[in-house]
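Chains as they are written, first to last, in the UniProt record's numbering: chain P, 1 to 378; chain W, 1 to 340.
Worth flagging that the hints you see were computed from the coordinates, not collected in a lab.
Each hint should be verified, as a subset may be incorrect.
[Stated by the list, open to error] The following label-pair restraints were derived from C-beta to C-beta distances:
{"no.": "1", "chain 1": "P", "residue 1": "H355", "chain 2": "W", "residue 2": "A63", "range": "21 to 31 Å"}
{"no.": "2", "chain 1": "P", "residue 1": "G308", "chain 2": "W", "residue 2": "T2", "range": "37 to 47 Å"}
{"no.": "3", "chain 1": "P", "residue 1": "T191", "chain 2": "W", "residue 2": "D103", "range": "30 to 40 Å"}
{"no.": "4", "chain 1": "P", "residue 1": "K297", "chain 2": "W", "residue 2": "A63", "range": "27 to 37 Å"}
{"no.": "5", "chain 1": "W", "residue 1": "D64", "chain 2": "P", "residue 2": "D127", "range": "53 to 63 Å"}
{"no.": "6", "chain 1": "W", "residue 1": "S217", "chain 2": "P", "residue 2": "S352", "range": "36 to 46 Å"}
{"no.": "7", "chain 1": "P", "residue 1": "K292", "chain 2": "W", "residue 2": "Q110", "range": "42 to 52 Å"}
{"no.": "8", "chain 1": "W", "residue 1": "E193", "chain 2": "P", "residue 2": "S38", "range": "49 to 59 Å"}
{"no.": "9", "chain 1": "W", "residue 1": "E41", "chain 2": "P", "residue 2": "N115", "range": "54 to 64 Å"}
{"no.": "10", "chain 1": "W", "residue 1": "N101", "chain 2": "P", "residue 2": "G90", "range": "23 to 33 Å"}
{"no.": "11", "chain 1": "W", "residue 1": "K27", "chain 2": "P", "residue 2": "E325", "range": "40 to 50 Å"}
{"no.": "12", "chain 1": "P", "residue 1": "I253", "chain 2": "W", "residue 2": "N101", "range": "42 to 52 Å"}
{"no.": "13", "chain 1": "W", "residue 1": "D128", "chain 2": "P", "residue 2": "K297", "range": "42 to 52 Å"}
{"no.": "14", "chain 1": "W", "residue 1": "D128", "chain 2": "P", "residue 2": "V307", "range": "24 to 34 Å"}
[Said to hold, decoys possible] Among chain W residues calculated to face chain P with C-beta under 7 Å, some are:
{"no.": "15", "residue": "M50"}
{"no.": "16", "residue": "F75"}
{"no.": "17", "residue": "G76"}
{"no.": "18", "residue": "S260"}
All C-beta atoms, glycine included, are put in the ideal place defined by N, C-alpha and C.
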Amino acid sequence: MKFSIDRSKFINQTSNVQRAISTKSSIPILTGMKLDLSESGLTITGSNSDISMTSFIPTEDADNDLKIESTGSIVLPSRFFNEIIKKLPGDKFELEVLNNNQTLIKSGVSEFTINGLDAVNYPHLPDVEADNQLVFPTDLFKEVVNQTVVAVSTQESRPVLTGVNFLITNEGLTAAATDSHRLSQRRINITSEEDYNLIIPGKSLTELVRTIGDSVKEISMSISENQVLFNFDNIMFYSRLLDGRYPETDRLIPDDSNTRLTFDSSNLLASVERASLLSHESRNNVIKLEIKAVDKKATLYGNSPEVGTVEEVLDCENIEGDDLEISFNPDYLKDALRSFGSNTTIEMSFTSALHPFTLRPVENRDNFVQLITPVRTF
Amino acid sequence: MTCLKIIELKNNLKKGNLDNVYLITGKEQVFIKDIQKSFKEIMSPEEREMNFSNFDLEEVSLADVINEAISAPFFGERRLVFAEHPFFLTGERTKNTVEQNPDLLLRYIQNPTPSTILVIFASYDKLDSRKKIVKELKKSATIVDAGQMEGPILNRTINSDLKNAGYQIEPAALELLVNKTKGNYSLITNQLEKLKMYALNSKQIDQAAVSELVPQSLEDNVFDLMTEILNKNVYKAEELYNQFLLQKIDPILLVAIIISQLRLLIQVKVLSERGLSESTIAKSLRLNPYRVKYAHRQAKTLNRPRLQVMYDDIVNLDYQIKSGQGDKELLFDLFIAKYA
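Take these sequences, add in the hints, and give me the full structure.
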């Protein structure tokens with residue numbers, strides 16, 4: 001195997017694939033990056049137990065300056081290989097596999113020989129048929145992920161809750177996540193002939209969103225029994241699916257409420273950030289919201305016995321319903337507010353001091369909801 | 001302070017008589033698993049999915065546990081929170097554990113969340129009663145003992161378990177089984193599975209089966225070595241010692257175990273000469289009753305001055321080995337030769 005290629009174009013592709021490679025793995029070959037050279041181009045692959053990624057550099061794209069002398073494949077230790085390529089002096093480099101998987105890398109006056117591994121031993125990527133493809137506009141897909149992934153659980157003791165549930169029917173797609181303290185649910189009008197109910201690990205989705213470049217217009221999703229494949233540009237991103245039955249989130253979202261507030265998301269976020277400056281110093285990270293509906297007044301309180309207290313009257317557009325005192329973790333509210341984007345008008349609905357409350361955008365209230373569980377007010 | 005037996009706890013849970021904070025003491029895994037199962041059954045599977053969490057306090061901060069406990073239930077009646085390995089309740093030094101602030105728990109148990117059931121599993125030999133948090137738990141929590149069963153109760157339980165399964169065990173076999181497992185019911189239930197398979201046709205478990213199938217602990221094997229030395233069986237003692245060497249067991253470890261066993265024999269001998277019963281000795285030495293019973297039987301046949309001289313010699317041997325005054329294997333061999 002021997003080829004030469006534009007160094008910066010190559011680095012662009014490997015930096016994506018690198019996300020799928022872990023430095024420690026129970027399968028040593030997975031700490032490596034697989035290069036597979038065919039007449040049509042170079043495929044770079046990285047994988048760990050959760051995600052796999054391939055990036056294809058086609059020969060036909062002249063920008064890549066990919067020149068092939070002989071085809072073949074090799075697995076190279078990704079950490080060293082990436083660092084070497086980044087530090088090479090020339091704009092191009094040449095790579096050649098010698099005897100016993102030794103690999104020669106040349107650029108300008110620099111020459112490296114590193115020990116590779118036989119690509120035959122690299123695990124096969126899962127087969128995901130591309131028959132049932134769903135196509136998303138990239139911006140919409142990123143928005144759905146960013147709005148839901150905030151609520152996934154980090155506790156491995158409840159594996160299904162560490163993922164985002166994608167429920168796809170002929171009525172649309174519902175993405176939901178919960179860690180049993182908060183819940184986020186987003187609906188979009190993307191339909192499918194077949195019904196799907198899958199749980200994609202939150203970590204996989206976070207990595208996927210980081211990988212999708214700004215120039216990508218759309219992303220396709222193909223589903224198999226225990227894998228999902230996302231396709232965009234020349235990148236294929238595989239993720240395992242989580243086993244288990246996801247709780248029915250629809251039944252968890254209350255329809256009625258006794259107290260409602262309307263406000264601008266950016267204003268409230270700024271207020272909560274100020275209140276949580278002190279609550280983070282406290283033993284329990286809790287802030288209290290006091291609503292006096294008659295006076296049309298809502299006040300946020302934070303305190304830390306060691307530092308002091310904070311009190312702020314909120315700038316609400318509307319207050320209606322019953323008076324209420326409710327406490328909650330400010331971090332959950334901040335995450336929820338950020339997911340709405342800036343300057344969105346939000347309605348916050350409360351049932352009681354010990355029941356979860358909801359946040360919805362006024363303009364798109366049926367398609368997006370964030371729900372937060374309160375804590376006991378001391 | 002409310003103390004409950006496991007059966008009382010299970011009845012209370014079934015009836016819905018729930019407290020907010022429970023402290024489960026003792027190390028008997030069979031009982032602990034049974035208690036955990038009983039607590040989980042107070043919730044439906046759907047409710048459990050959202051409102052049950054289990055924390056290991058050697059790895060997770062107490063603040064996380066308290067934050068979970070003060071949270072309202074997530075579309076259910078209550079939250080159930082298990083907290084395991086609360087090492088800060090003991091006097092033990094622990095390595096590589098999260099530094100905890102027990103005051104967080106102290107403040108919580110003084111004012112627990114009505115909709116949360118917090119269950120603390122303290123699977124330790126003893127808690128440090130001088131600590132403020134332990135005092136508060138003993139005052140405010142409902143305490144359930146999941147510790148070892150006492151002799152007659154344990155024997156009755158084993159016989160009953162076997163009878164229900166259609167088996168019988170000889171009294172001598174039962175005594176040997178209890179001795180070999182140090183009365184650990186979890187270990188006994190594991191070993192009984194094997195013994196039942198062995199006696200599948202006869203449905204009768206005899207002493208030979210227990211002797212052949214139930215492994216001895218290292219301490220028991222060293223006890224056998226010490227017995228042979230005390231009984232002056234030099235060949236048997238040498239044979240056992242060589243087996244230890246083949247198993248790559250360091251003579252330093254053998255010396256340490258013999259020191260503790262000789263100390264126990266002397267203590268038991270002194271206390272029994274003062275007229276104390278086995279159970280009183282076990283309580284005052286804070287030891288497993290089976291160890292005391294076994295040591296008492298052994299001590300009866302030995303004279304105290306000889307035990308004390310031997311104890312001094314083995315402590316001296318320990319010093320010689322650790323200060324490099326000779327080859328440790330040879331020094332231990334000479335010790336056997338001197339006494340056997």
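Hint check:
1. P:H355 to W:A63: 21 to 31 Å: Given range 21 to 31 Å: holds, Cβ gap about 24 Å.
2. P:G308 to W:T2: 37 to 47 Å: holds (40 Å)
3. P:T191 to W:D103: 30 to 40 Å: Since the Cβ atoms of T191 of chain P and D103 of chain W sit about 55 Å apart, the hinted range of 30 to 40 Å is violated.
4. P:K297 to W:A63: 27 to 37 Å: holds (32 Å)
5. W:D64 to P:D127: 53 to 63 Å: About 41 Å separates the Cβ atoms of D64 of chain W and D127 of chain P, which means 53 to 63 Å is violated.
6. W:S217 to P:S352: 36 to 46 Å: violated (57 Å)
7. P:K292 to W:Q110: 42 to 52 Å: Distance hint for K292 of chain P, Q110 of chain W is violated at roughly 31 Å.
8. W:E193 to P:S38: 49 to 59 Å: holds (57 Å)
9. W:E41 to P:N115: 54 to 64 Å: Distance hint for E41 of chain W, N115 of chain P holds at roughly 57 Å.
10. W:N101 to P:G90: 23 to 33 Å: Violated - the Cβ-Cβ distance for N101 of chain W and G90 of chain P, about 57 Å, lies outside 23 to 33 Å.
11. W:K27 to P:E325: 40 to 50 Å: holds (44 Å)
12. P:I253 to W:N101: 42 to 52 Å: For I253 of chain P and N101 of chain W the Cβ distance comes to about 36 Å; the hint is violated.
13. W:D128 to P:K297: 42 to 52 Å: Since the Cβ atoms of D128 of chain W and K297 of chain P sit about 50 Å apart, the hinted range of 42 to 52 Å holds.
14. W:D128 to P:V307: 24 to 34 Å: Given about 32 Å between the Cβ atoms, the range holds.
15. M50: holds (5 Å)
16. F75: holds (5 Å)
17. G76: violated (10 Å)
18. S260: violated (39 Å)
The structure fails to meet hints 3, 5, 6, 7, 10, 12, 17 and 18 from the earlier list, while all remaining hints are met.
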